[in-house]
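> Respectively, the protein sequence lines represent chains A and B. With my numbering as the guide, the letters of the first sequence map in order to residues 1 to 408. With my numbering as the guide, the letters of the second sequence map in order to residues 409 to 698.
Worth flagging that the hints you see were computed from the coordinates, not collected in a lab. Hints should not be assumed to be uniformly reliable.
[As the list claims (entries may be wrong)] Per label pair, the in silico range of CB-to-CB distance:
hint, chain 1, residue 1, chain 2, residue 2, range
1, A, K170, B, I413, 23 to 33 Å
2, A, R121, B, G559, 53 to 63 Å
3, B, L468, A, R74, 56 to 66 Å
4, B, L487, A, G294, 30 to 40 Å
5, A, P374, B, W548, 38 to 48 Å
6, B, W523, A, I76, 17 to 27 Å
7, B, A522, A, R93, 49 to 59 Å
8, A, E138, B, G562, 51 to 61 Å
9, B, Y534, A, G197, 36 to 46 Å
10, B, L468, A, Q301, 36 to 46 Å
11, B, L487, A, R64, 25 to 35 Å
12, A, R408, B, P629, 23 to 33 Å
13, A, P390, B, A522, 42 to 52 Å
Ideal Cβ placement from N, Cα and C applies to all residues, glycine included.
The lines below spell out each chain.
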Amino acid sequence: MKFRRAGIILLTLALALTLGLAAPGMAAQEFTFGCAVPLSGLFGKDGQLVRDAYTFWMETINARGGIAGKYKVRIIFYDDQSDPQTSAKLVERLVTQDKVDLLLGGFGSSQVMAASAAAERHKFPYLSGGASSNKLYERGARYYFGTLGKATEEVRGCVDVFTSVTPRPKTVAIVGANIPFTAESCKGYKLYAEKYGFKVVHYELFPISLKDYNTMLLKAKAKKPDVLLVGSHLAVAMRVVKAMKEIDFNPKGVAFSYGPTVPAFVQGLKADANYVFAASEWTPNLPYKGPVFGSARQFNQAYRQRFRRSPDYVEAASTAAAVVQQVAMEQLGLKPRVTAADRVRLMEKLHQIDLMTFYGPIHFGKSGANREHPPVAVQVQNGQLINVYPAKWAEKPPIYPTPAWNKR
Amino acid sequence: MSTLIIQSLINGVLMGGIYALYSAGFSLIFGVMGVVNIAHGDLLMLGAFLTYWMFVGLGLDPFLTLPFSLLGLFALGYLMQRLAIKRVVGAPPIMSYILTFGMHLMISNLALVAWTADPRTVTTAYSGAHLAFWGLTVPWIKLITFLISLGVVGALYLLLHHSQMGRAIQATSQDREMARLSGIKVDRVYALTFGLGAAITGLAGSLVVSFRDVDPGMGLPYTIIAFCVVVLGGMGYMPGALIGGLILGVVGSVCTMIFTPGWSIAITFFLLYLMLLWRPAGIMGKGIVE
């Protein structure tokens, strides 16, 4: 009996060893990418979009034979549970245990901040299309790159759109969750609101754990702003809409930094989702075109075919991050397995690259932050996301002022 | 300005009622069995999802799903007690923390696998509908939830103090061995209590769906609030859930109005700290101190 058990253990060990030794040899014709991204917790839904984006990129590339036409792509996804420390730990694990060739960026500024710091330590380039806190670029990091604009710029569309409506609003109230991206969104709102001469009559950040939004919004309502600007992710955006209706808060316009472009927003709130504005960095009707996916419109069509829904701008930005890393790899002629020296060369290449893609121009420069994209705003009209700003790309004009809750 | 304060008081009272509803079960289970149920919020989450799926799948109004979540969660609670919790009743408290924490992880992660992390929300024809008078608004759904909460806490109080079953539950919570010797089926009382606690919690979950988003990870924050409410009101003392809920709701809302939302949370927890220090048996001094 004892012998038998020992035998089994030995066999298992032997098997493990053979597999372990064989794996690198067999995998030599493919690139392994690692990605820690929130699949659960507060940013679970948003993070799943990022996973979809990378999966779509991988499937598209592999159907054409792989990177440079011959090296297949494999991605290891881990769920960081929307927790920064976990995200950093998982990046460590991807690098040291899974020994991935390269990384793909996660979602959410706090998570990405921690994860990319771990990547920096191991000298792994970390490209993200799902984080935009300005602080990400103030660390002197050399291996961090982001395709989204900085948070304060990313939300500009939300404010700019109100310069195009009549009557022009005079006052704005700004509220937002006090976590990196949304807090900086609020800073961006304030910056541009003041620049355009809108008076900021209320400005308040609230903890993400806040349970009752009614009283928090009541304070904004009391100031009677023409426009409400909200620093939000999906869940916060949904809670704000629900609370606004409960307290009968009727600003002439309401805009969110993030949330309404996630399909779950309109699915959950139905007609109550109508008329809200959201900032966007990308919509499928923009005149961009580049390698791998062709034009923005073609990318949108292919994505719709695969997931039966249009991609959100974070998905476009994440796919673009994967594409630019791929193009840089191809230009350098990298082969599996990627060595430490390769990664240094890749980092240097990424700082220089100047590429036009379906997502728009990508040029990271010294700081790692992408060149500014023109601000875009979308509005939910009849349950559809419609590009309403800037006028030259707008599908329809913005609906303003928003009808009061009791007049819908 | 005074309208704003009155409105924030109203918001606070309504939130307090909701806090009370989902804390009553927590208090009941602790009071009778001495079990701090960390999976409490996950029972609420299950109730919420039951309502969500019945709404989405069958088009059933959230209020019509209440009997289903009551019965469904009662059955689940009964089974949980019979199969697992039973083994830690009377053991050192740490055992029940570990067991129920494990249950929390299991339930929330199974839910995550089954339903993904999407925050979901239910929008009905009356979502956001409210009473409006003197420049004040009272959302109907929250008002009804508040009344249900009063009803539930009142019914629990009556049940515990004026019924055969209640007397059995009380006797068991006071002295398990004596209760057993007097012919009370202690295991059955425990299972009924746990079932009852779970049932009210499920009911609270079903009501929460109407004004709050639901996701598989929503449970733990609710457990924490329930814990605060029960510490404020007194562990195991039924009206305490209502008192604690109201204090928490009103303090939170008024502090949000006067100071900032950030301060409201800080002040709430400071209050909790003071209570643990000075009045561990709750504000009325009628709770159980371990």
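> Look at each hint and say if it fits the structure.
Here's how the hints hold up against the structure:
Between K170 of chain A and I413 of chain B the CB atoms are about 27 Å apart, so this pair conforms to the stated range of 23 to 33 Å. Checked against the given bound of 53 to 63 Å, the beta carbons of R121 of chain A and G559 of chain B, roughly 58 Å apart, stay inside it. Range check, L468 of chain B to R74 of chain A: about 44 Å between beta-carbon atoms, so the 56 to 66 Å window is missed. Judged by the Cβ atoms, the range 30 to 40 Å given for L487 of chain B and G294 of chain A is violated: they are separated by roughly 56 Å.
In this structure, P374 of chain A and W548 of chain B meet the distance hint of 38 to 48 Å, their C-beta atoms being roughly 44 Å apart. Between W523 of chain B and I76 of chain A the CB atoms are about 24 Å apart, so this pair conforms to the stated range of 17 to 27 Å. Checked against the given bound of 49 to 59 Å, the beta carbons of A522 of chain B and R93 of chain A, roughly 26 Å apart, lie outside it. Hint check: E138 of chain A to G562 of chain B, Cβ distance near 57 Å, so the stated range 51 to 61 Å holds.
Separated by about 40 Å at the C-beta atoms, Y534 of chain B and G197 of chain A satisfy the suggested range of 36 to 46 Å. At about 38 Å, the beta-carbon gap between L468 of chain B and Q301 of chain A stays in the expected band of 36 to 46 Å. The hinted range of 25 to 35 Å is not satisfied by L487 of chain B and R64 of chain A, whose Cβ atoms lie roughly 53 Å apart. Between R408 of chain A and P629 of chain B the CB atoms are about 32 Å apart, so this pair conforms to the stated range of 23 to 33 Å.
The hinted window of 42 to 52 Å between P390 of chain A and A522 of chain B holds, with their beta carbons roughly 43 Å apart.
Violated hints, in rising order: 3, 4, 7 and 11; the structure is consistent with all others.
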